[in-house]
Amino acid sequence: MSNFTKFRNKVSALVVIFAFAVMPVMAQQRGGAPAQQQQSVVGADIKGRAPVNKEILKVKLPKAEEATLSNGLRVVLLESHRVPTFTMQMVILSGGLSDPADYRGLATFTASLLREGTATRKSKDIAEQIDTLGATLVANSGLSSFTSNITSSGLVENFDQVLDIFADVVRNPKFPQEEIDKYKQRQIAQLQFLRSNPQFLAAERFQRAVYGEHPAGMIFTPVESIKKITSADLARFHSTYYRPNNAMLTIVGDVTLKEIMPKLEKAFGDWQKGDVPATKIPAAPEPGAARIQLIDRPGSVQTVLQLGNLGIERTNKDYFAVLVMNQILGAGPAARLFLNLREKNGYTYGAYSNFGGSKFRGTVVSSSEVRTDVTEGAMKEFMYELKRIRDEKVSPVELENAKRALIGSFALSLEQPNALLQNIVTQKLYDMPADYWDTYPQMVSAITADDVQRAAQKYIDLNSLQVVAVGDASKAREVLSKYGTVEVFDAEGQPMTEVKKPTQ
Amino acid sequence: MRLKQQFLTGLLALSLVLSATALAVPKGERTVHVDYKETKLKNGLRVITVEDHSAPVIAIDITYNVGSRNERQGRTGFAHLFEHMMFKGSENVGTGEHFYLIFNNGGTMNGTTNEDRTTYFEALPANQLDLALFLESDRMRSLVINKANLDNQRNAVQEERRLGVDNQPYGQSGEIQQALLYDNFAYKHTTIGSMEDLNAASVEDVAAFFKMYYAPNNAVLTLVGDFNTADALKKIKASFEAIPSQPTPPAVDMTEPQQTAERRATVDDALARLPQVDLAFKAVPGNTPDFYALQVLSAALQGGQSSRLYQSLVKDKQLVTNVGGFMDEKRGVGALYTSATLKPGVKTADVEAAIYDEIEKLKKDGIADWELQKAKNTTRRNFINGMQSSLSRAIQMSVWTVYYNDPNLINTRLDKVAAVTKEDVQRVANKYLTATNRTVVITMPKPKGATTAAKQ
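Chains as they are written, first to last, in the working numbering: chain E, 20 to 523; chain L, 2 to 457.
Next comes chain E alone, as it looks inside the complex (with noise of 0.2 Å):
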């Protein structure tokens, strides 16, 4: 899947120390820990005088609570009782990954535009009604996701009224013609817009030199799709796989199940089971051989770099290998990219890796932007570090606190109910066993050094290595030659014979 989360737009008056989120894991138990020692670090000095604990603290997951619905639509509740709040998601278990071949982008327009009126509210009575009750209200699916999920949060005070928006949303969506051709319109202007931003022009160009056809290949509808959708279209999709034996209603908040129960089953217990076809997920291609494009971007005073291929499905065994080789490699700040391109450097103001598996097999990708003269001295510390990886076993230190890391970080985790509840819900999705988030510290305490250096032999394939620059071609190109032959793009993603030549 695509590591890119987010655009940005306006500038912010806030600065920080790094762009960088941290995704909170979970964790359960104690596992070894390092000795506190002077450290050899590339990009940093560690003096190991600062009094760490070496116990990793004993979490206790909280659980869901689960129930059915009449009509057998499975409800999962996590009480959290921290704040007076809540938030409820219906999981649709179908999305982009059932668009036909040739209307790819419909479950990404159904759910875009459930929002946009009902048999008995128009889009403005929602915006006003959900806005009012100072509540939430997002839907979406994407173009190679196996859901589609509605989104809502609001003050428990509220729960009765959000719920009546929420479900007549979920079950009663109408996809009014005039609508729809306004939200054409406005997706069209969209993608217009998104072509200015060098990140999603590399996250673009990345996820097709890798999937190719595949629905992963492409990031953003495509126009041929937003032109010709129906109201039609939309309703025949949502009337298919839109039912309660093809979904999973998710709540987190200060709410019982004892309470809420008779109002979902109000809301939801007479919406109608149906004959769902199954969605045949489509396997990621073969890696082919290495590429590198470039994209040019005239007027660019960094080069975008992005550098991977395929890693993994969810489930797949490697899964706790290529987390810590991950976590070692370009996780966040710590990590060796970041310590290497930006604390040794000074190249970038960050550097970083990034993996995620679906039902097929996602992306291990690095990537960072750093100034235009300085793209050779990236590239070579890029691939410095990828072969590194590969070939060289990682310490036992640079083991012990990648472990951690990940293992430490389950506590933290605790105050974010919701990050709590996607968890439990991508335990459901992949049928992963029950106590898979229990027994996850164990998993990864028990990667070894040479688990990792397989991972990493695996997953970073230098011989099928995707390499994508959005940049100043006239300046990127040959520094990128040196890796092999560049194939030059223009934003729109047309192919360029001829780069102008440097003005200076």
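These aren't lab readings, by the way, just hints derived from the structure by calculation. Treat the hints with care, as some may be off.
[As the list claims (entries may be wrong)] With a Cα cut of at most 27 Å, we get these calculated BS3-like pairs of lysine-lysine:
| no. | chain 1 | residue 1 | chain 2 | residue 2 |
| --- | --- | --- | --- | --- |
| 1 | L | K236 | L | K283 |
| 2 | E | K143 | L | K316 |
| 3 | E | K246 | L | K316 |
| 4 | E | K247 | L | K316 |
| 5 | L | K236 | E | K73 |
[Stated by the list, open to error] Residues of chain L placed beyond 12 Å of chain E at every Cβ, according to the derived structure:
| no. | residue |
| --- | --- |
| 6 | K38 |
| 7 | N66 |
| 8 | N185 |
| 9 | A209 |
| 10 | Q247 |
| 11 | K348 |
| 12 | A350 |
| 13 | N409 |
| 14 | R414 |
| 15 | K423 |
[Stated by the list, open to error] Label-pair restraints from in silico Cβ distances:
| no. | chain 1 | residue 1 | chain 2 | residue 2 | range |
| --- | --- | --- | --- | --- | --- |
| 16 | E | T275 | L | A420 | 32 to 40 Å |
| 17 | E | D183 | L | E424 | 25 to 33 Å |
| 18 | E | R473 | L | V145 | 56 to 64 Å |
| 19 | E | T87 | L | E52 | 40 to 48 Å |
| 20 | L | L181 | E | P281 | 52 to 60 Å |
| 21 | L | G387 | E | Y122 | 36 to 44 Å |
| 22 | L | E52 | E | K277 | 30 to 38 Å |
| 23 | L | Y357 | E | P241 | 34 to 42 Å |
| 24 | L | Y357 | E | T87 | 35 to 43 Å |
We put the beta carbon where it would ideally sit given N, CA and C, even for glycine.
Assemble the complex: chain E is given as a structure, and chain L must be docked to it using the hints.
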């Protein structure tokens, strides 16, 4: 243990009962109360502690009373560059060791700088309290300052600027708007600063800045989470109390003259593809009655899909792909911002006119009951959700203590929003959203012309 929940009484409950909407009256509003203890160390360091055993987590924030408002001409961007130096080592902590130890022990951390303050924070499993106190006190006491580290972080910060400003469409527009909007140098320049000024920063600047602003008497420390207050205070004293205080830094003159005529600029942007209209209306400092009224106004005008601008410009007239904005909270004079990205082929003048139409309606007729309720409920949900984590409570309390000398604002903030009336909103609309008080920046995509590379 849950955070203590309270039933709101007084103005908010009353205003909601009286407001006429199609929706049922809420059965009872609960909010969250934070019990805290305030202590002042002998060296002037203010310490706020919030004991909360609901999760095995501790969060610490230290906010220093310094931001880009304190910078002088020729050194823009320095407060933030200095922030980066705080991670490059102190007497007992090596370069990068601070974040290395926090992340490798399951924690999270960051530092941020804005015009009005610089704040540093980390959250860790509760058994790592000693580590957090050691790391924070060592750098407050004994920062290592050298040219190699400065040059390294100067590079990182310049890449941060390229990433966020120079390599992004509309990146320079915000900077140009800020320079046009403000007359006082304190806010006239951006926190990220100019490349030239970043290049000029020296190790002597870093040392002087450290001595003047990074003193215990110029900081607030907030500790939230799973600890015993008496024990924690003993440790905090042991770690921090011996750090010497310094003379109080000179006050910054924040006087901002009244604006008397519209200000306007057009930016040609080679990276943008669609025109953008950015508006700012100079207003008031944060935590004032007019500030809260402007927050409510902003929610009605431009918050969410029910907002007047979204409904008019995106849905009815279909002029823009997106419109939104916010009331900026500052210690000095803040502004109400609005930004709209145009659809292809639309004229910026038409978008401006459509926005001004909506503003005029607000001024003439005020807002509806449901809009008032929307603003209050949305503020409340966001605020309460933000209190879930110890870290966000720690940051909020430190910052509000530095800004307004009021850690208890965490318990009274929602009452202040609740006190806003429809009449207040109409009054501030008429007072601040005037043509002579606005600053307009239009960004136009720069035509590519003959410089475009040949395509196949």
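#### Entry: Hints violated by the structure (numbers, ascending)
1, 18, 24
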